[in-house]
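Enquirer: For what it's worth, my numbering labels the leading residue of the sequence shown as 484, then goes sequentially.
Treat the hints as calculated values from the structure; they're not laboratory data.
Heads up, a few of these hints could be off.
[Said to hold, decoys possible] With a Cα cut of at most 20 Å, we get these calculated DMTMM-like pairs of lysine to aspartate or glutamate:
id : residue 1 : residue 2
1  : Lys490    : Glu505
2  : Lys554    : Glu543
3  : Lys640    : Glu656
4  : Lys603    : Glu579
5  : Lys516    : Glu495
6  : Lys623    : Asp547
[As the list claims (entries may be wrong)] Label pairs and their in silico Cβ distance ranges:
id : residue 1 : residue 2 : range
7  : Leu591    : Leu736    : 38 to 46 Å
8  : Ala570    : Glu726    : 47 to 55 Å
9  : Ala570    : Met502    : 23 to 31 Å
10 : His599    : Asn537    : 18 to 26 Å
11 : Gln730    : Gly571    : 48 to 56 Å
12 : Gln504    : Asp613    : 14 to 22 Å
13 : Ala597    : Met484    : 16 to 24 Å
14 : Ala597    : Met565    : 20 to 28 Å
15 : Glu726    : His599    : 40 to 48 Å
16 : Gln572    : Arg655    : 42 to 50 Å
17 : Met747    : Ala511    : 37 to 45 Å
18 : Asp626    : Phe574    : 39 to 47 Å
19 : Glu648    : Asp626    : 18 to 26 Å
20 : Pro724    : Gly523    : 42 to 50 Å
Virtual Cβ for every residue (Gly too), placed ideally from N, Cα, C.
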Amino acid sequence: MRNMLKKRECTEYILQVIMDQENLSVAAQTIQKDYKNLYGRSAILDCVVRDTQNRRYDIEIQQDNEGGSPKRARYHSGLMDMHTLKAGQNFEQLPEGCVIFITRDDSLGRGIQAYHIDRKIRETQDDFNDGAHIIYINSKIQDDTKLGRLMHDLHCKNADEMYSEILAERMRELKETEKGVEHMCSEMDKLYNEGVEAGKKIGEKRGERRGERRGEKRGERRGRMKAKREMALSMAAMGMPAELIAQAAKESLSAVQQWIAEGMAVSKTK
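All chains, full assembly: derive it from the sequences and hints.
Expert: Set out below in structure tokens:
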């Protein structure tokens, strides 16, 4: 999805469908936008967008319920606001902002496809009109609607099976051209390194508690292997051959084939 969203036309199409605005046009966007917070927690947002009407969006692709928690959405909304209004500007100049979480499962558990969250005045049920919006999309629902077809396309492994030619064209670029495959391998390598760093941090904490350095090395090894396995399964889900995955993961072909087989077995039991 990082690479899919790097093409502005893809981001524009996704927002047009989710916001139900065919004329929505993207003016600027940043992938993996790093919002620094000098007084608290910083965060890296998946895709931050400004449209031609100066509205701001944060598009987040979440694979688990924990990653799509309501308080995370609230925090992302606050970070966008803090980094939008400049010193000396009036509060009324703060543009509309929308945090969009596209989740693998139904994170909010009400069994619907799209959740639109806005603040209301409790006593009157009138809109508060602060310009802050949060939208959750349950990508499991892939019915015959514009939004359902979009969710189908975002899960698609084969460009020829996609409804949207814009997304299909980008998929072909990423999977069928040398430059696209290089981009995919580069992004997977970044994810792999992120997993290694996470493993190091886990190991350091365990080592501190136990008073030994073995925890750091053990956590680093586990983080490295977990990152490689997740990378392999992600690439396999996109229909990439095991030989290419082994090359990107810097791992033996037999190990990659075993990971893929185990991943398929787990999927069948769910």
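Enquirer: Next step is simple, just say for each hint if it's right about the structure.
Expert: So, going through the hints one by one against the coordinates:
Proposed proximity of Lys490 and Glu505 is supported: the alpha carbons are some 18 Å apart, at most 20 Å. About 14 Å separates the Cα atoms of Lys554 and Glu543, which keeps this hinted pair within 20 Å; it holds. Pair hint Lys640 plus Glu656 holds up; C-alpha atoms about 13 Å apart against a cutoff of 20 Å. At roughly 16 Å between alpha-carbon atoms, Lys603 and Glu579 fall within 20 Å of each other, so this suggested pair holds.
Simply put, Lys516 and Glu495 have alpha-carbon atoms about 17 Å apart, close enough for the 20 Å limit, and the pair holds. Taken as a hint, the Lys623 and Asp547 pair is honoured in the structure, with Cα atoms around 12 Å apart against an allowance of 20 Å. Between Leu591 and Leu736, the C-beta spacing of about 41 Å keeps the proposed range 38 to 46 Å intact. Checked against the hint of 47 to 55 Å, the pair Ala570 and Glu726 passes, with Cβ atoms roughly 54 Å apart.
For Ala570 and Met502, the hinted distance range of 23 to 31 Å is satisfied, since their beta carbons lie about 30 Å from each other. For His599 and Asn537, the Cβ-Cβ distance of about 21 Å falls inside the hinted range of 18 to 26 Å, so the restraint holds. Here the CB-CB span from Gln730 to Gly571 is close to 52 Å, well matched to the stated 48 to 56 Å. Remark: the range hint 14 to 22 Å for Gln504 to Asp613 is upheld by a beta-carbon distance near 20 Å.
Between Ala597 and Met484 the beta carbon distance is about 18 Å. The supplied range of 16 to 24 Å therefore holds. Our hint of 20 to 28 Å for Ala597 and Met565 holds, since their Cβ atoms are close to 27 Å apart. For the pair Glu726 and His599, the beta carbons lie near 44 Å from each other, so the given range of 40 to 48 Å is met. Taken as a hint, the range 42 to 50 Å holds for the pair Gln572 and Arg655, whose Cβ atoms sit roughly 43 Å apart.
A hinted range of 37 to 45 Å holds for the C-beta pair Met747 and Ala511, which are about 40 Å apart. Checked against the given bound of 39 to 47 Å, the beta carbons of Asp626 and Phe574, roughly 41 Å apart, stay inside it. Here the CB-CB span from Glu648 to Asp626 is close to 20 Å, well matched to the stated 18 to 26 Å. Checked against the hint of 42 to 50 Å, the pair Pro724 and Gly523 passes, with Cβ atoms roughly 44 Å apart.
Checked against the numbered hints listed earlier, the structure breaks none of them; every hint is satisfied.
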